[in-house]
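Asks: With our numbering applied, the sequence shown has no gaps in its numbers, which climb one by one up to 210 at the end.
What the hints contain is simulated information worked out from the structure, not anything from laboratory work.
Predicted model only: the values in this text are computed from it and were never measured.
Heads up, some of the hints might be wrong.
The calculated DSBU-like cross-link candidates involving lysine-lysine, where the alpha carbons are at most 35 Å apart (straight line), are [what the hints assert, rightly or not]: (1) K154 / K35; (2) K97 / K173; (3) K16 / K185; (4) K4 / K149; (5) K185 / K97; (6) K185 / K173; (7) K28 / K185; (8) K4 / K28; (9) K125 / K154; (10) K154 / K97; (11) K125 / K62.
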Amino acid sequence: MDNKVMVFDHPLIQHKIALLRQTGTTSKDFRELVKEVGLLMGFEVTRDLPLEPVEIETPICKTTVNMLSGEDLAIIPILRAGLGFVDGMLELVPNAKVGHVGLYRDPDTHEPVEYYCKLPEDIDKRRIVVVDPMLATGGSAAAAIDLIKQKGGKNICFMCLIAAPEGIEALTKAHPDVDVFIGAKDECLNENAYIVPGLGDAGDRLFGTK
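The task is simple: from the sequences and hints, build the whole structure.
Replies: Okay, here's the thing in structure tokens:
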């Protein structure tokens with residue numbers, strides 16, 4: 001299956017990402033902006049959720065309406081920066097379950113190292129949205145999705161703020177069945193595997209640790 005790669009062109013998303021890039025944006029504002037962008041992107045990410053007809057009664061009469069069918073979403077942030085997306089997504093789908101995948105990038109090899117993985121028990125029945133602000137080399141995203149698939153996850157997509165072409169290529173090659181939703185596509189990676197122009201370390205900026 002060929003995956004879909006969608007780069008958003010919505011003016012509100014682009015404006016908020018521009019604010020996120022600025023060095024003067026405080027951690028408080030950074031967190032709020034990531035939440036807002038996550039909510040805006042979530043509308044498109046959830047566009048193909050299945051619906052089923054349900055009979056209800058309005059104050060006027062009985063009628064048939066469309067409501068979500070089956071289980072809700074599972075939102076899986078890649079720790080720690082992925083946590084910034086969770087609140088915005090939960091505003092859209094309050095019944096979503098949240099799992100966590102913990103990975104860090106080895107500073108020398110730039111390869112992902114797993115240290116935590118906790119997913120909903122019914123992960124195989126849910127539409128899964130893996131979230132992480134940055135898609136740089138693609139290694140962490142691909143490794144997180146590997147773990148989720150090993151535990152039964154099937155219907156998976158990936159959502160990020162900013163992606164480098166190298167990361168997009170690596171992720172789509174590793175997981176051709178996973179759709180990728182991107183707030184902004186940047187130029188390249190530098191010698192330290194950081195996205196250029198990027199916005200720095202998203203985790204540090206979210207949590208004020210640098």
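Asks: Hint by hint, note whether the structure agrees.
Replies: These are the hints, each one checked on the structure:
no., hint, in the structure
1, K154 / K35, "26 Å, holds"
2, K97 / K173, "28 Å, holds"
3, K16 / K185, "14 Å, holds"
4, K4 / K149, "19 Å, holds"
5, K185 / K97, "29 Å, holds"
6, K185 / K173, "17 Å, holds"
7, K28 / K185, "24 Å, holds"
8, K4 / K28, "33 Å, holds"
9, K125 / K154, "8 Å, holds"
10, K154 / K97, "16 Å, holds"
11, K125 / K62, "31 Å, holds"
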